[in-house]
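For reference, the chains in residue letters:
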Amino acid sequence: MKLVPSVLEFNLTEVEKRIRRFIKEYVEKAGADGIVLGISGGIDSGTVAALSSLSIGGDKVIGLILPEEETYNSQDIYDAKLIAKKFGFKTQICDITPVLESFYKTISIFDEEDRLCKGNIKARTRMIYLYYYANKLNMIVCGSSDKSETMMGYFTKWGDAAADIAPLMDLYKTQVRKLAEYLGFPAELAAKPSTPALWPDQTAETELGIKYDVLDLILFGLERFMTPKEISQQLKIQKSLVEKIKIRWLSTEHKRRLPLTLKIEYRTVGADFRLPRHNY
Amino acid sequence: MKKEIKLALAQISSKRENKKENLHKIEKLAVKAKEQDADLVIFPELSLTGYVLHDQIYELAEIIPGPSTKKIEELAEKTGMHIIFGMPERSEKTRATIYNTAVFVGPNGFIGKYRKMYLPTHSVFEEKRYFRLGYRPAVFHTPVGNIGIFICYDIFFPEVFRLTRLKGAELMVCISASPAVRRSYFEILTAARALENTAFLAYVNLAGVEDGLQFWGGSRLVGPTGDLLAKAKYDEEDVVLSVVDYSDLRHVETFIPTLRDLRPELFDELKKYSETL
Numbered sequence: 001m002k003l004v005p006s007v008l009e010f011n012l013t014e015v016e017k018r019i020r021r022f023i024k025e026y027v028e029k030a031g032a033d034g035i036v037l038g039i040s041g042g043i044d045s046g047t048v049a050a051l052s053s054l055s056i057g058g059d060k061v062i063g064l065i066l067p068e069e070e071t072y073n074s075q076d077i078y079d080a081k082l083i084a085k086k087f088g089f090k091t092q093i094c095d096i097t098p099v100l101e102s103f104y105k106t107i108s109i110f111d112e113e114d115r116l117c118k119g120n121i122k123a124r125t126r127m128i129y130l131y132y133y134a135n136k137l138n139m140i141v142c143g144s145s146d147k148s149e150t151m152m153g154y155f156t157k158w159g160d161a162a163a164d165i166a167p168l169m170d171l172y173k174t175q176v177r178k179l180a181e182y183l184g185f186p187a188e189l190a191a192k193p194s195t196p197a198l199w200p201d202q203t204a205e206t207e208l209g210i211k212y213d214v215l216d217l218i219l220f221g222l223e224r225f226m227t228p229k230e231i232s233q234q235l236k237i238q239k240s241l242v243e244k245i246k247i248r249w250l251s252t253e254h255k256r257r258l259p260l261t262l263k264i265e266y267r268t269v270g271a272d273f274r275l276p277r278h279n280y
Numbered sequence: 001m002k003k004e005i006k007l008a009l010a011q012i013s014s015k016r017e018n019k020k021e022n023l024h025k026i027e028k029l030a031v032k033a034k035e036q037d038a039d040l041v042i043f044p045e046l047s048l049t050g051y052v053l054h055d056q057i058y059e060l061a062e063i064i065p066g067p068s069t070k071k072i073e074e075l076a077e078k079t080g081m082h083i084i085f086g087m088p089e090r091s092e093k094t095r096a097t098i099y100n101t102a103v104f105v106g107p108n109g110f111i112g113k114y115r116k117m118y119l120p121t122h123s124v125f126e127e128k129r130y131f132r133l134g135y136r137p138a139v140f141h142t143p144v145g146n147i148g149i150f151i152c153y154d155i156f157f158p159e160v161f162r163l164t165r166l167k168g169a170e171l172m173v174c175i176s177a178s179p180a181v182r183r184s185y186f187e188i189l190t191a192a193r194a195l196e197n198t199a200f201l202a203y204v205n206l207a208g209v210e211d212g213l214q215f216w217g218g219s220r221l222v223g224p225t226g227d228l229l230a231k232a233k234y235d236e237e238d239v240v241l242s243v244v245d246y247s248d249l250r251h252v253e254t255f256i257p258t259l260r261d262l263r264p265e266l267f268d269e270l271k272k273y274s275e276t277l
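Order-wise, the sequence lines are chains W and F. Note that the numbering used here gives residue 15 to position 15 of the first sequence, counting from 1, and the numbers run on in steps of one. Note that the numbering used here gives residue 85 to position 85 of the second sequence, counting from 1, and the numbers run on in steps of one.
Any given hint could be a false lead.
[Unchecked claim] Here are the simulated BS3-like cross-link-like pairs (lysine-lysine), alpha carbons at most 27 Å apart as the crow flies:
1. Lys-2(W) to Lys-236(W)
2. Lys-24(W) to Lys-128(F)
3. Lys-28(F) to Lys-29(W)
4. Lys-15(F) to Lys-60(W)
5. Lys-24(W) to Lys-19(F)
6. Lys-25(F) to Lys-271(F)
7. Lys-28(F) to Lys-24(W)
8. Lys-17(W) to Lys-15(F)
9. Lys-20(F) to Lys-29(W)
10. Lys-118(W) to Lys-24(W)
11. Lys-128(F) to Lys-263(W)
12. Lys-233(F) to Lys-24(W)
13. Lys-157(W) to Lys-34(F)
14. Lys-29(W) to Lys-271(F)
15. Lys-24(W) to Lys-25(F)
16. Lys-29(W) to Lys-19(F)
17. Lys-17(W) to Lys-93(F)
18. Lys-233(F) to Lys-29(W)
[Stated by the list, open to error] Derived contacts from chain W toward chain F, CB cut-off under 8 Å, selection only:
19. Tyr-78
20. Glu-223
21. Arg-274
22. Leu-275
23. Pro-276
24. Arg-277
[Unchecked claim] Residues of chain W clear of chain F, computed beta-carbon distances all greater than 12 Å:
25. Met-1
26. Arg-115
27. Thr-174
28. Arg-267
Quick caveat, the hints were computed from the structure, so don't treat them as lab data. These numbers come from a predicted model, not from an experiment. Note that CB positions come from ideal geometry on N, CA and C, so glycine has one too.
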């Protein structure tokens, strides 16, 4: 297999159709009245919001804009509203700053300098808002995780990845960008640098230390059982970089699973208790 | 045996774990197919229960003949039609040995069954965890034709189709629960199995979504030269009727004489090499 950018090409029409069908059927079978999702102004959440609107109608989709003081970015809010207008879904802004400040004040071991631990509070707080709306309005939470960040474990456990469905989770970031353009997103929005907005000026590519167009090819190779040696030779990059990516992927499996328990009884949750999802 | 039959490809979306509702749907569509003069109506793999069942399958599997097949037998008798459908079959001798089975009934009752021989256990499939392999290819000589039955992944194995053809099957019926990511394989293989065996092939797939698996529908009747004679919609429920004219086989067999040109001596070698893979 040749690891060239074209391996990430896919049938956009078909995939759009399949995702829309997936969302629509899930909402119907769950007996939900709609979808609530966090909308950051970034490409993943914008794409999934657009697809949700196209699937079940914008009047049944609520995009929550959840800014906070430290990472506040008026351009992001403008972009989120632009996407909402284009695809016809509602938005609501909830400033989560006071809630975050309460956390910071009441956690006795809180460390202002530890930006990762602090940032994770933001992602988990956003999750609480989303699930409150979902609970209250009989909606489901639709997540916007893509395959690149999910494989990398580049998300907050029980935070931004917490959702009932994640329609983009089998598409790499560069594929999501293509899908966004196909759906009619302006090119500059589709190419906008991705950020989890946990601290000011944070960007995913800087933090991961690699551009998504290379990362996605590495992950594509790993997905197809290629060795780091084969991948590095083909992409003409250091083998150590591929090995680093592979270790990060494998070592974050705990973030993609239910909590581990030990085998004591006959059938065990998360292990050999295998049941269909009744709502779907 | 009729020289020409009309068959209905009944591409349904099953309600998971709800045999009552699925039986009702099967009945409704069979009656409708009869109104359009169908002789044979075919429903997908595990259409009685849905496909993604995991551990719930132990509650749903039934012996065959059993309560559900009895109802389909009554339906066949009432409509005067032949019916093929899929269900999980529990062994009569044990309590947790299950087969992925296709059931064939006619106006005079139960005709027979086929237990899936090739159980996919890769990617998203875990059939060997739940099912025991079937051991016998199935050919039924009936008033609606000499019919071979297969289930889904079987279609990747030309030898079982060839064997069934050599046992006299002229209409290959393949019931399926194939997810969308594999659509192109089945579109190729349905044409290939029909053409290489110079036989008709009716492929009936599930529609709908179960646990993220999107069944692509696309049921079809393929002629003995690989031509698409009828095709149901992709993804959605659909029922399509088409005619099988068995007299076509004679001129096709002379034009593409794959059966005349068989080389039996290769089969011993095939056996030898497949045993030592």
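For each hint, the structure was consulted:
Between Lys-2(W) and Lys-236(W) the alpha-carbon distance is near 12 Å, which keeps this suggested pair within the 27 Å criterion. Pair hint Lys-24(W) plus Lys-128(F) does not hold up; C-alpha atoms about 31 Å apart against a cutoff of 27 Å. Between Lys-28(F) and Lys-29(W) the CA atoms are separated by roughly 22 Å; this keeps the pair inside 27 Å, and the hint holds. Between Lys-15(F) and Lys-60(W) the alpha-carbon distance is near 25 Å, which keeps this suggested pair within the 27 Å criterion.
Our distance criterion of 27 Å between C-alpha atoms is met by Lys-24(W) and Lys-19(F), whose separation comes to about 24 Å. Distance hint between Lys-25(F) and Lys-271(F) is unfulfilled; the C-alpha atoms sit about 43 Å from each other, more than 27 Å. For the proposed pair Lys-28(F) and Lys-24(W), the alpha carbon gap of about 26 Å is at most 27 Å, so the pair holds. Proposed proximity of Lys-17(W) and Lys-15(F) is supported: the alpha carbons are some 22 Å apart, at most 27 Å.
Our distance criterion of 27 Å between C-alpha atoms is met by Lys-20(F) and Lys-29(W), whose separation comes to about 18 Å. Restraint check: the Cα-Cα separation between Lys-118(W) and Lys-24(W) comes to about 36 Å, which exceeds 27 Å; the hinted pair is violated. A C-alpha spacing of about 22 Å is found between Lys-128(F) and Lys-263(W), which places the hinted pair at or below 27 Å, so the restraint holds. Taken as a hint, the Lys-233(F) and Lys-24(W) pair is honoured in the structure, with Cα atoms around 18 Å apart against an allowance of 27 Å.
As the CA atoms of Lys-157(W) and Lys-34(F) are separated by approximately 56 Å, the hinted pair breaks the 27 Å bound. About 48 Å separates the Cα atoms of Lys-29(W) and Lys-271(F), which puts this hinted pair outside 27 Å; it is violated. Taking the CA atoms of Lys-24(W) and Lys-25(F), the gap is near 22 Å; set against the 27 Å cutoff, the hint holds. At roughly 17 Å between alpha-carbon atoms, Lys-29(W) and Lys-19(F) fall within 27 Å of each other, so this suggested pair holds.
Restraint check for Lys-17(W) and Lys-93(F): the C-alpha separation of about 46 Å exceeds 27 Å, so the hint is violated. Between Lys-233(F) and Lys-29(W) the alpha-carbon distance is near 22 Å, which keeps this suggested pair within the 27 Å criterion. Taking 8 Å as the C-beta cut-off, the interface hint given for Tyr-78(W) is violated, the closest approach to chain F being about 34 Å. Taking 8 Å as the C-beta contact cut-off toward chain F, the hint placing Glu-223(W) at the interface is violated, the least distance being around 12 Å.
Below 8 Å, beta-carbon pairs count as interface contacts, and Arg-274(W) has one with chain F at about 4 Å; its hint therefore holds. The closest approach between the C-beta of Leu-275(W) and any C-beta of chain F is roughly 5 Å, which is under the 8 Å cut-off, so the hint is satisfied. Contact between Pro-276(W) and chain F, as hinted, is supported at the beta carbon level, the nearest pair being about 5 Å apart and thus within 8 Å. Among the interface hints, the one on Arg-277(W) holds; its C-beta lies about 5 Å from the nearest C-beta in chain F, closer than the 8 Å criterion.
Residue-level check passed: Met-1(W) sits 17 Å from the nearest beta carbon of chain F, beyond 12 Å. A cut-off of 12 Å between C-beta atoms confirms that Arg-115(W) is not in contact with chain F; the least separation is 35 Å. Chain F leaves Thr-174(W) outside its interface by the beta-carbon criterion, the shortest separation being 20 Å against a cut-off of 12 Å. Taking the minimum C-beta to C-beta distance to chain F, about 7 Å, the non-interface status of Arg-267(W) is violated against the 12 Å cut.
Hints 2, 6, 10, 13, 14, 17, 19, 20, 28 from the list above are not met by this structure, while the remaining hints are.
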